[in-house]
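Peer 1: Spelled out from the first residue to the last, the chains are:
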Amino acid sequence: MEKVLGSEAVLLSLIEEGQDTIFGYPGGAVIPLYDRLYLKQDKIHHILARHEQAAVHEAQAYAQITGKPGVCIVTSGPGATNAITGIVNANMDSVPLVVITGQVGSGFLGTDAFQETDVFGLSMPIAKWSAQITRAEDIADTMAKAFYIAVSGRPGVVVLEITKDALTSETYFSYKKAPVLRSYAPYPEINQEEIAHAAEMINASERPLVLIGHGVLIARAEKAVAEFVEKAGIPFGMTLMGLTSLPSNHPLCIGMLGMHGSYASNMLTNKADLIIAIGMRFSDRVTGKLNGYAKNAKVIHIEIDKSEIDKNVQTDLSVHADLKTALSFLTPMVEKKNHKQWRAEFDKYYQMEYQQVIQKDLHSDNPLIQPGEPVDIISQKTQGNAIVVTDVGQNQMVAARYYGFKLPGTFLTSGGLGTMGFGLPAAVGAAIAQRKLPVILFTGDGGFQMNEQELGTIIQEKIPVKIVILNNSVLGMVRQWQNMFNNKRYSQTDLINPDFVTLASAYGIKAQKVEYRHQLNEAIDEMLNFNGPYLLDIVVDKDMKVMPFIAPGSAVDEMKLS
Amino acid sequence: MENTEETAKKYTVVVFTEDKVGLLNRITIVFTRRHLNIDSLTTSESEVKGIFRYTIVTKCTPSLIKKVVDQIEKLTEVLRAFSYEEEDVIAQEVALYKVSSDIFKHDRAVVESIIKNANARVLDRGQGYVVIEKTGFKSETTKLFEDLKQFGILQFARSGRVAVTKPMKELEAYLKELNEAAEKSNQIRKWKLSN
Numbered sequence: 285m286e287k288v289l290g291s292e293a294v295l296l297s298l299i300e301e302g303q304d305t306i307f308g309y310p311g312g313a314v315i316p317l318y319d320r321l322y323l324k325q326d327k328i329h330h331i332l333a334r335h336e337q338a339a340v341h342e343a344q345a346y347a348q349i350t351g352k353p354g355v356c357i358v359t360s361g362p363g364a365t366n367a368i369t370g371i372v373n374a375n376m377d378s379v380p381l382v383v384i385t386g387q388v389g390s391g392f393l394g395t396d397a398f399q400e401t402d403v404f405g406l407s408m409p410i411a412k413w414s415a416q417i418t419r420a421e422d423i424a425d426t427m428a429k430a431f432y433i434a435v436s437g438r439p440g441v442v443v444l445e446i447t448k449d450a451l452t453s454e455t456y457f458s459y460k461k462a463p464v465l466r467s468y469a470p471y472p473e474i475n476q477e478e479i480a481h482a483a484e485m486i487n488a489s490e491r492p493l494v495l496i497g498h499g500v501l502i503a504r505a506e507k508a509v510a511e512f513v514e515k516a517g518i519p520f521g522m523t524l525m526g527l528t529s530l531p532s533n534h535p536l537c538i539g540m541l542g543m544h545g546s547y548a549s550n551m552l553t554n555k556a557d558l559i560i561a562i563g564m565r566f567s568d569r570v571t572g573k574l575n576g577y578a579k580n581a582k583v584i585h586i587e588i589d590k591s592e593i594d595k596n597v598q599t600d601l602s603v604h605a606d607l608k609t610a611l612s613f614l615t616p617m618v619e620k621k622n623h624k625q626w627r628a629e630f631d632k633y634y635q636m637e638y639q640q641v642i643q644k645d646l647h648s649d650n651p652l653i654q655p656g657e658p659v660d661i662i663s664q665k666t667q668g669n670a671i672v673v674t675d676v677g678q679n680q681m682v683a684a685r686y687y688g689f690k691l692p693g694t695f696l697t698s699g700g701l702g703t704m705g706f707g708l709p710a711a712v713g714a715a716i717a718q719r720k721l722p723v724i725l726f727t728g729d730g731g732f733q734m735n736e737q738e739l740g741t742i743i744q745e746k747i748p749v750k751i752v753i754l755n756n757s758v759l760g761m762v763r764q765w766q767n768m769f770n771n772k773r774y775s776q777t778d779l780i781n782p783d784f785v786t787l788a789s790a791y792g793i794k795a796q797k798v799e800y801r802h803q804l805n806e807a808i809d810e811m812l813n814f815n816g817p818y819l820l821d822i823v824v825d826k827d828m829k830v831m832p833f834i835a836p837g838s839a840v841d842e843m844k845l846s
Numbered sequence: 226m227e228n229t230e231e232t233a234k235k236y237t238v239v240v241f242t243e244d245k246v247g248l249l250n251r252i253t254i255v256f257t258r259r260h261l262n263i264d265s266l267t268t269s270e271s272e273v274k275g276i277f278r279y280t281i282v283t284k285c286t287p288s289l290i291k292k293v294v295d296q297i298e299k300l301t302e303v304l305r306a307f308s309y310e311e312e313d314v315i316a317q318e319v320a321l322y323k324v325s326s327d328i329f330k331h332d333r334a335v336v337e338s339i340i341k342n343a344n345a346r347v348l349d350r351g352q353g354y355v356v357i358e359k360t361g362f363k364s365e366t367t368k369l370f371e372d373l374k375q376f377g378i379l380q381f382a383r384s385g386r387v388a389v390t391k392p393m394k395e396l397e398a399y400l401k402e403l404n405e406a407a408e409k410s411n412q413i414r415k416w417k418l419s420n
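Chains as they are written, first to last, in this note's numbering: chain S, 285 to 846; chain W, 226 to 420.
Think of the hints as simulated: they come from the structure by calculation, not from any bench. The beta carbon of each residue, even a glycine, is placed where N, CA and C say it ideally should be. Errors might be hidden in some of the hints.
Taking beta-carbon pairs under 7 Å as the criterion, some of the chain W residues facing chain S (in silico) [what the hints assert, rightly or not]: (1) E243; (2) R251; (3) I254; (4) S265; (5) T267; (6) S271; (7) G275; (8) D295; (9) T301; (10) E302; (11) L304; (12) L403; (13) A406; (14) K409; (15) I413; (16) R414.
Distance condition first, Cα-Cα at most 27 Å in a straight line; then the derived BS3-like pairs of lysine-lysine [to be verified]: (17) S:K590 x W:K401; (18) W:K274 x S:K352; (19) W:K415 x S:K590; (20) S:K590 x W:K292; (21) W:K391 x W:K291; (22) W:K415 x S:K573.
Computed footprint of chain W on chain S, listed as stretches where at least three residues anywhere in the stretch have a Cβ under 8 Å from a Cβ of chain W [said to hold, decoys possible]: (23) 397–408; (24) 411–419; (25) 585–593; (26) 604–612.
The following block holds chain S by itself, in its conformation from the complex (with noise of 0.2 Å):
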């Protein structure tokens, strides 16, 4: 056997992996990664972002579009700092991320070398698992290890930090993939008496309510579920993470859960007799004040996730399992139901929130624009075939209310972190991991300029990406709070922009500013047939709020519709 260089070790496993694709920023402590990956450019494909933040976001929706762990390259110090925001973003969120950061020469280490951070420190608290790599014939078992982890389980990023004289020296290559480890078992072996306590409970529930989260998407559970809440004839809803994992229009969808979610799903959590949360962590955002959540309901909780189980949420039985598992066991055991007269009850309080809320954000008399509208036309142009990036705050939220879901894993967003500035690397990273969905970016002003760099990485890989920015000139989610918890002292949200078209074109990107309503169908209609990359500028009203909404501290009962 030859020996081969450390940085080639990299490369080598990255291939090993199955990884063509890659993200990334150059630097210091990884020239000589950079360096071999030069000559294996025909193995692997290497985005150059224009920020590390960014080439991490992109590496976040690459994964989570192909199912593949997202591979990210930067440098130590400033390049693995900057990587950090994308790092929390993506474990917070479940995505299988392999972060690699150069390191200086481990005879540098602790003594505050140039460009020298404690990346392996750093990542602790943020990270699935990390590892400092100092010599050359550790870089591939640590590399199969980190694959693993990241991928497996509850997914997660996992942080290599790499010596640089540990990819400038000599080593020889073989390659395990999926190590067995004592310590980390990620999938439970299922316990049958719990699936048929379960299944148990179901059967005798007469107002159940299923709940989705992300992990129905990450465990590729999507059918499984259908066939079990089909069968057992029982509402659902779906966390922000969760959605796509059933089609929105399912006859027993009740929409999204949630501060910003459907009035039914919210307002009728307290009336069910029994929950089943699949796949999901009962954030706060979910839950509302807890000692006013699901009152009247004993709790099923199907996690892969152990330390999640009882953790927010006190369960009467909890399943710890990957759900596809737990759900072919499970479906074959419960009744075939129909409750008819419990669905119908849903449909009374979406009477309420289309009259109240829905008809406003739609159909508006408002002479400006709402920012619900384009969603709803390009919903309607598109019909659920696209993939629907967005940033966080005000857009985010109306997007995921009116956008038409159809196919699972087609909603990118930033869920745990709310991270702004996430949505157009994320819409960069899904056009670079497919071409055969458009991909639609739905973001604010502000969270448009925490990243507006990555024009740079628009053009440079020649991706078709589609941004609407939902330009109130305010940063409208912090600006509703202060409209109503702060007395309408509005602190610091009005924002000078520039002129987005413009800034476009600096970049060949094809832009066009729309102000009416009566201009908007048009311009999406250019948006959408246009083969290329294309910039909407679409000025919409400032006051609108996003309804209905449970107030921090309220439970999700008290949710208020105006």
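We have chain S; now place chain W onto it with these hints.
Peer 2: Relative to chain S, chain W alone:
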């Protein structure tokens, strides 16, 4: 639902881990994130070569300790984690007291009877000082500290708790379970990949 009326108790958390750099940090971060103080922490190699044992004493509520233990056990390279209430552990601490050798000149009888009654011993005598060692419960090492205080204590150091637990299987039995779980997990993983 969360019982906010719970009162804090003393817990001994026992963690078994692989021998890896950085694990101590990762474990203590779980306490820090929950704003828990660590009263004492000791670590040593366990009865099985290559496996390390952490003994961590903290005060918190029963429901919180369960969450903390689950979050520690979730860490890759942590093998198992447990929490025990006071009645389930046999624990000792070592305390060292450095005092001036002068006190043996002036109050020899009193000092020697204090040492004898405390079941302590003289560990070392040097130029002008004597080191007394006492192994016992924290209450005992504290009592000896109080008794010697009148003569002046030059230095005092006390170890964290070392503890063994009453209800626990042998580590080897847990390792066997872990190996089986990892193997079964791998079978499920392969089933998932082929489906």
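Peer 1: Please go over all the hints and tell whether each is borne out by the structure.
Peer 2: We went through each hint and held it up to the structure:
The interface hint given for E243 (chain W) holds, since its Cβ lies 6 Å from the closest Cβ of chain S, which is under the 7 Å cut-off. Taking 7 Å as the C-beta cut-off, the interface hint given for R251 (chain W) holds, the closest approach to chain S being about 5 Å. Below 7 Å, beta-carbon pairs count as interface contacts, and I254 (chain W) has one with chain S at about 5 Å; its hint therefore holds. For S265 (chain W), the interface hint is violated, the least distance from its beta-carbon to any beta-carbon of chain S being 22 Å, above 7 Å.
Restraint check, T267 (chain W) versus chain S: the minimum CB separation of about 21 Å is more than 7 Å; hint violated. A hinted interface residue such as S271 (chain W) counts as satisfied when its beta carbon comes closer than 7 Å to some beta carbon of chain S; here the least separation is about 14 Å, so the hint is violated. At its closest, the beta carbon of G275 (chain W) sits 11 Å from a beta carbon of chain S; the interface hint therefore is violated under the 7 Å criterion. This hint holds: D295 (chain W) has a C-beta 4 Å from the nearest C-beta of chain S, less than the 7 Å allowed.
At its closest, the beta carbon of T301 (chain W) sits 5 Å from a beta carbon of chain S; the interface hint therefore holds under the 7 Å criterion. At about 5 Å, the closest approach between the beta carbon of E302 (chain W) and any beta carbon in chain S falls short of 7 Å, and the interface hint on this residue holds. Evaluation of the L304 (chain W) hint against chain S yields a held restraint, the C-beta minimum of about 5 Å falling below 7 Å. This hint holds: L403 (chain W) has a C-beta 5 Å from the nearest C-beta of chain S, less than the 7 Å allowed.
Look at A406 (chain W): its Cβ gets to within about 4 Å of chain S, closer than 7 Å, so that hint holds up. The restraint placing K409 (chain W) at the interface with chain S holds, with a minimum CB-CB distance near 5 Å, inside the 7 Å limit. About 4 Å separates the beta-carbon of I413 (chain W) from the nearest beta-carbon of chain S, less than 7 Å, and the hint is met. Taking 7 Å as the C-beta contact cut-off toward chain S, the hint placing R414 (chain W) at the interface holds, the least distance being around 5 Å.
Note on K590 (chain S) and K401 (chain W): the hinted pairing holds, with a Cα-Cα distance of about 20 Å set against a maximum of 27 Å. The hinted pair formed by K274 (chain W) and K352 (chain S) fails the criterion: a straight-line CA distance of about 37 Å is larger than 27 Å. A distance of roughly 21 Å separates the Cα atoms of K415 (chain W) and K590 (chain S); the hinted pair therefore holds under the 27 Å criterion. For the given pair, K590 (chain S) sits about 10 Å from K292 (chain W) by alpha-carbon distance, which is consistent with the 27 Å threshold.
For the suggested pair K391 (chain W) and K291 (chain W), the alpha carbons sit about 19 Å apart, so the restraint of at most 27 Å is met. For the proposed pair K415 (chain W) and K573 (chain S), the alpha carbon gap of about 41 Å is over 27 Å, so the pair is violated. For the segment 397–408 of chain S, the assignment as covered by chain W holds, since 3 residues bring a beta-carbon within under 8 Å of that chain's beta-carbons and 3 suffice. Beta-carbon proximity to chain W at under 8 Å applies to 4 residues in the segment 411–419 of chain S; the threshold of 3 is reached and the given coverage holds.
Look at the segment 585–593 of chain S against chain W: 4 of its residues bring a Cβ nearer than 8 Å to a Cβ of that chain, three or more, so the hint holds. Under a criterion of three residues with beta carbons nearer than 8 Å to beta carbons of chain W, the stated coverage of the segment 604–612 of chain S is upheld, 3 such residues being counted.
Checked against the numbered hints given earlier, this structure breaks hints 4, 5, 6, 7, 18 and 22; the rest are met.
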